[in-house]
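Novice: One-letter residues, chain by chain:
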Amino acid sequence: MVNMIIDGKNVSAPKDSMLLEVIRGAGISVPTLCAHESVSRSGACRLCVVEIKKGNRTRIVTSCLYGAEEGLIVNTKSDRVLNVRRLVMELLLARCPESEVLQNLAKEMGVEAQTRFVADSDKGKCILCRSCVRVCEEVVGVSAIGLFARGSRKTVGTPFMEQSDACIGCGACVYVCPTNHIVMISTGDKRKIWGRKFKMQDCSKCGKFFAPVDQLKFISKKTGTSMEDLSVCTECR
Amino acid sequence: MTKITSAQALRQVQEDLKKNFDPSKKLVTICAGTGCRGYGCMKVKEELEAEIKKQNMDVEVRATGCFGFCEKGPLVIVHPEKVFYQQVKVKDVADIIGKTVATGEVVEKLLYRDPNTNQTVLREEDVPFYKKQNRLVFGQNGLIDPTRIEDYLILGGYSALAKTLSDFTPEGVISEVKKAGLRGRGGGGFQAGVKWEGSRKAHGEPKYVIANGDEGDPGAYMDRSLMEGNPHSVLEGMAIGAYAIGASEGYIYVRHEYPLAVLHLTMAIAAAKEAGLLGKNILGTNFSFDIHINKGGGAFVCGESSALFASIEGRAGEPRAKYIHAVERGLWDKPTVLNNVETWANVPLIINKGADWYASIGTEGSKGTKIFSLVGKINNTGLIEVPMGITLREIVYDMGGGIPKGRKFKAVQTGGPSGGCIPESLLDLPVDFDKLYEVGSMMGSGGMIVMDDKSCMVDVARYFLNFLQEESCGKCVPCREGVRRMREILDDICSGKGREGDVELLEHLSIGVADGSLCALGGSAPNPVLSTIKYFREEYDAHIKEHRCPAGVCKALITYSIDAEECTGCTLCSKVCPVDAISGEKKKAHKIDNEKCTRCGACIESCKFDAILVK
Numbered sequence: 001m002v003n004m005i006i007d008g009k010n011v012s013a014p015k016d017s018m019l020l021e022v023i024r025g026a027g028i029s030v031p032t033l034c035a036h037e038s039v040s041r042s043g044a045c046r047l048c049v050v051e052i053k054k055g056n057r058t059r060i061v062t063s064c065l066y067g068a069e070e071g072l073i074v075n076t077k078s079d080r081v082l083n084v085r086r087l088v089m090e091l092l093l094a095r096c097p098e099s100e101v102l103q104n105l106a107k108e109m110g111v112e113a114q115t116r117f118v119a120d121s122d123k124g125k126c127i128l129c130r131s132c133v134r135v136c137e138e139v140v141g142v143s144a145i146g147l148f149a150r151g152s153r154k155t156v157g158t159p160f161m162e163q164s165d166a167c168i169g170c171g172a173c174v175y176v177c178p179t180n181h182i183v184m185i186s187t188g189d190k191r192k193i194w195g196r197k198f199k200m201q202d203c204s205k206c207g208k209f210f211a212p213v214d215q216l217k218f219i220s221k222k223t224g225t226s227m228e229d230l231s232v233c234t235e236c237r
Numbered sequence: 001m002t003k004i005t006s007a008q009a010l011r012q013v014q015e016d017l018k019k020n021f022d023p024s025k026k027l028v029t030i031c032a033g034t035g036c037r038g039y040g041c042m043k044v045k046e047e048l049e050a051e052i053k054k055q056n057m058d059v060e061v062r063a064t065g066c067f068g069f070c071e072k073g074p075l076v077i078v079h080p081e082k083v084f085y086q087q088v089k090v091k092d093v094a095d096i097i098g099k100t101v102a103t104g105e106v107v108e109k110l111l112y113r114d115p116n117t118n119q120t121v122l123r124e125e126d127v128p129f130y131k132k133q134n135r136l137v138f139g140q141n142g143l144i145d146p147t148r149i150e151d152y153l154i155l156g157g158y159s160a161l162a163k164t165l166s167d168f169t170p171e172g173v174i175s176e177v178k179k180a181g182l183r184g185r186g187g188g189g190f191q192a193g194v195k196w197e198g199s200r201k202a203h204g205e206p207k208y209v210i211a212n213g214d215e216g217d218p219g220a221y222m223d224r225s226l227m228e229g230n231p232h233s234v235l236e237g238m239a240i241g242a243y244a245i246g247a248s249e250g251y252i253y254v255r256h257e258y259p260l261a262v263l264h265l266t267m268a269i270a271a272a273k274e275a276g277l278l279g280k281n282i283l284g285t286n287f288s289f290d291i292h293i294n295k296g297g298g299a300f301v302c303g304e305s306s307a308l309f310a311s312i313e314g315r316a317g318e319p320r321a322k323y324i325h326a327v328e329r330g331l332w333d334k335p336t337v338l339n340n341v342e343t344w345a346n347v348p349l350i351i352n353k354g355a356d357w358y359a360s361i362g363t364e365g366s367k368g369t370k371i372f373s374l375v376g377k378i379n380n381t382g383l384i385e386v387p388m389g390i391t392l393r394e395i396v397y398d399m400g401g402g403i404p405k406g407r408k409f410k411a412v413q414t415g416g417p418s419g420g421c422i423p424e425s426l427l428d429l430p431v432d433f434d435k436l437y438e439v440g441s442m443m444g445s446g447g448m449i450v451m452d453d454k455s456c457m458v459d460v461a462r463y464f465l466n467f468l469q470e471e472s473c474g475k476c477v478p479c480r481e482g483v484r485r486m487r488e489i490l491d492d493i494c495s496g497k498g499r500e501g502d503v504e505l506l507e508h509l510s511i512g513v514a515d516g517s518l519c520a521l522g523g524s525a526p527n528p529v530l531s532t533i534k535y536f537r538e539e540y541d542a543h544i545k546e547h548r549c550p551a552g553v554c555k556a557l558i559t560y561s562i563d564a565e566e567c568t569g570c571t572l573c574s575k576v577c578p579v580d581a582i583s584g585e586k587k588k589a590h591k592i593d594n595e596k597c598t599r600c601g602a603c604i605e606s607c608k609f610d611a612i613l614v615k
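Taken in order, these protein sequences are the chains called R and Z.
Quick note on the numbering used here: the first sequence kicks off at 1 and runs consecutively.
Quick note on the numbering used here: the second sequence kicks off at 1 and runs consecutively.
Think of the hints as simulated: they come from the structure by calculation, not from any bench.
Don't take every hint at face value.
[Said to hold, decoys possible] A short, non-exhaustive set of chain Z residues, derived as facing chain R with CB atoms under 7 angstroms:
1) ALA321
2) GLN469
3) SER472
4) GLY474
5) LYS475
6) CYS476
7) PRO478
8) ARG484
9) LEU505
10) ASP515
Note that the Cβ used here is the ideal one computed from N, Cα and C, for glycine as well.
With the sequences and hints as input, model every part of the structure.
Specialist: Here is the structure:
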C-alpha cells in the first residue's frame with residue numbers, strides 16, 4: 001500500500017493501482033471518455049488530468065495512466081486541471097456538435113461551447129478515443145479497424161475504408177464507443193456495420209437471429225466448439 | 001581492412017596510415033554534402049578527376065562531407081596550401097588544376113570576397129563565416145571521405161573507444177560525461193551523463209542505445225551533415241555510450257529523406273565491423289556492440305522519444321504517456337538511452353580530451369559547442385559550430401554576414417517549429433540552453449531562421465502552427481484539435497477576419513494546449529504564438545484592429561500599386577503578371593487593377609526600379 005494526499009485527504013491505495021481508480025475510490029469524480037474497462041489505456045482524451053506534486057515540482061498527468069506513488073500530493077480540481085478539462089470539452093464539442101453524450105457531459109462540467117470555433121460537420125461523433133480499435137485488437141483479436149492518417153485528418157476505419165474481410169461483425173466496437181459514433185443496424189437476418197453486410201445466424205432452438213455467422217465461425221475456429229453447438233442463442237443454452 | 005584486435009593494433013594502424021600520408025602532397029577536397037550536390041558538385045568532382053588524368057598528375061580528389069558554408073557551394077579546397085574556392089563550376093576546373101594545383105597560382109575570381117571590405121580571402125579559416133567558429137565536432141567533415149574508414153582513423157578515429165575500453169570502467173565513462181556537462185543536442189537539453197547513469201542502473205536486459213537522426217525541423221540539417229560527412233564519429237560515440245550503460249545493440253533512427261546519410265552510415269557500419277571496431281569482441285575485448293539502421297518515414301513527431309520507439313518497433317509513430325522514463329523502459333520496454341546524433345558525436349571528444357577541457361568551453365549551464373543551421377533572410381546560409389554563450393548578434397552579423405539587400409533585422413526563430421521568435425532587442429543574448437528558454441524560445445536541435453522587416457510575425461506563427469497541426473500525430477485532443485483551432489484563428493487574423501479578443505483567446509488556448517498535451521510536440525506547439533505575441537503584439541493589433549499587415553505579407557490585407565514616378569514603362573511587370581492585372585503603354589507609367597491582382601509578387605520580383613508599392 002502507498003499513502004497519498006488527494007484534494008487534502010489522506011488516501012492509501014494498493015501500489016499497482018492507477019490514480020484514476022484511487023481518486024474515484026476516494027469518492028471524487030473524474031470525467032473520462034477514453035478509459036474503458038475492457039481495453040488498455042491510451043491517455044488520448046486528456047479529460048482525467050490531475051495535478052501532482054512531487055517534492056517542489058508540480059505537473060499535469062493523466063490519472064488513468066499514472067500509478068499510485070508514496071507521498072504523492074494530488075489535486076484534482078486545480079485551476080490548471082479545470083482549464084485543461086474545459087479546453088478538451090470545448091474542442092470536442094466543436095469537433096462533434098451532434099453528440100448528446102458530449103453535450104450532457106459538458107453540462108455536468110459546466111462547460112459551454114466555444115463560439116469562436118467553427119463547428120466541424122465531417123467528423124460525426126467520433127472523438128478518436130480509440131477504444132473501438134483497442135477492443136477489436138485486444139479483446140476480439142481480429143484488428144479489423146485501425147487508425148489512419150495523422151493530425152486532424154486522423155480517422156478510424158477499416159483499411160482504405162473498404163469492406164473488411166477481417167471484421168466478424170461482432171459489434172464490440174459499438175459497445176465500447178463512448179459517443180455512439182459507430183453505426184450498426186441489425187434487421188432480421190442481416191446486420192450492417194463498417195460498410196459490410198453480415199448474414200445473421202438464427203437460433204436452432206428459438207429461431208431468433210442472434211449473431212453474425214462470421215462471428216460464430218471465428219469463435220468455432222478459435223475455441224474448437226462446433227458450429228452446431230454455437231448455433232444456439234445464449235438465452236436457449 | 002583486416003580486423004584490429006587490440007588498442008595497440010589500432011595505434012599501429014593509425015601510425016601506418018600517417019606514415020603513408022605525405023602532408024606536402026597536393027590534395028583537392030570538394031564538399032559533397034547534400035547541399036553542394038544540389039549545386040552540382042559531383043559533376044565538378046568528375047571534371048577535376050578527368051582534368052588531373054588528362055594532365056597526368058598524381059593528385060587525389062576527395063569528396064568530403066559538408067563544409068558548412070552552403071550559401072557559396074560548391075566549395076573546393078586545394079591542399080596543402082588550403083586555398084579556398086567557392087561557387088566552383090565545371091568550367092572553373094581547368095583553372096584550378098592548371099594554375100593552383102600545377103603551379104600554386106591562385107584563381108582570384110573563385111576566392112571568397114568579403115562584401116564588407118571587398119577584399120578576397122585566401123583560406124577557409126580567414127573567411128568571416130568561419131572565423132569565430134570552433135568546429136570541434138564538425139571540423140573533420142571537410143577532411144574526411146565519409147566512405148573510407150581510413151580517413152577517420154588517420155585523424156585519430158576510434159582512439160576514444162580504445163581508451164574507453166582500456167582505461168575506463170563503465171561508471172568511469174558516465175562520471176566523465178557528467179563532469180563534462182554534456183547536454184542533449186536534440187531539444188530537451190537533458191544531461192546526457194545522468195541519462196546514461198539511469199539506464200546503467202535500470203533493471204532489464206537487453207539495454208539499447210539509439211541515435212536520434214529524425215531531424216524534422218524546417219531549415220535544420222546539422223545532424224544530416226554529421227551522418228553524411230562523419231558517420232564514424234556518431235558510431236564511435238554510440239559504442240562508448242553502449243559500453244557505459246551495458247548495451248550490446250544500438251539503432252540509428254534516420255529519416256528516409258536522407259538517402260546519403262543512410263548510405264554513408266551503412267557503409268561506415270560495415271567498415272567498422274570489418275575492422276573489428278563494431279560487432280563481437282571489439283578491439284579484442286569482451287565488449288560486443290552492433291548497430292542497426294532504422295529508416296523513418298519522415299514524420300516530425302517521430303523525433304519524440306516514445307514515438308520513435310513505437311516506429312522502430314514497427315507500430316505507428318505515436319507517443320505514449322511517459323510516466324516511466326525511457327532509461328528504464330524505452331525501446332521494447334527495455335532500458336534505453338536515446339541521444340541526438342550531435343550529442344553522440346561529442347562523446348569521443350570528451351573521452352579523448354577530458355571532461356575538464358570540454359567543460360572549459362561554453363557557459364555555466366551549457367558546455368561545449370553547438371552546431372546551428374543558419375537560414376532564412378541571412379547573407380551566409382550554412383552550418384556553424386560555435387561555443388555555447390556566443391551572442392545572437394555575432395551569429396547573425398559576424399558569421400551570417402547580416403541581412404540581404406541591407407534590410408532591417410526583425411527576429412530570429414530558434415528551436416524549430418516549436419521554438420520562439422527572438423526580437424532585435426535581445427540580439428546580445430548569449431546563446432545557451434537556459435538563456436533561450438528564459439526568453440520564451442529554446443535550443444531545440446539548433447535551427448535558426450532569420451527574418452527581416454518583410455516577414456510578418458503573425459504569418460510566421462501561422463506557418464509554424466500549420467506545420468505542427470499537420471505533423472501532430474492526432475492522438476490526444478489538445479494537440480490534434482487545439483493546435484488546429486489556434487491555426488484557424490491565426491488564419492482569420494491573416495485574412496482580415498480577426499476579432500477583438502483573439503489574441504487573449506490564443507494566449508488562453510496556449511496554456512491549455514501546453515498543459516494538456518500528451519507529448520512535447522503539443523506541449524511546445526504554442527511557443528511560436530506566445531513568443532510572437534510577446535514581442536510583436538503590435539503586429540497582431542494592426543491585423544485585427546486596422547486590417548493592415550505592416551510587413552506587407554498577408555494578401556488579404558495588402559494592395560499593390562505602381563509608383564508613377566519610378567515606373568519607366570518597361571512593360572516587364574505586365575508580361576509576368578499571371579492574371580493580366582497590369583496595363584499601360586510602353587514607356588509610360590503602368591497601373592495595377594486591384595480587382596484582378598492576386599498579390600502573387602511576380603511583378604515585385606520582376607521590377608528593376610522598385611516601382612511596385614505594397615500597402
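Novice: Run every hint past the structure and note whether it holds.
Specialist: Against the structure, the hints:
1. ALA321: holds, 4 angstroms
2. GLN469: holds, 6 angstroms
3. SER472: Constraint on Z:SER472 satisfied, holds at 4 angstroms.
4. GLY474: holds, 3 angstroms
5. LYS475: holds, 5 angstroms
6. CYS476: holds, 5 angstroms
7. PRO478: holds, 6 angstroms
8. ARG484: Where the cut-off is 7 angstroms and the nearest Cβ of chain R is about 5 angstroms from Z:ARG484, the hint holds.
9. LEU505: holds, 6 angstroms
10. ASP515: Status holds, d = 5 angstroms.
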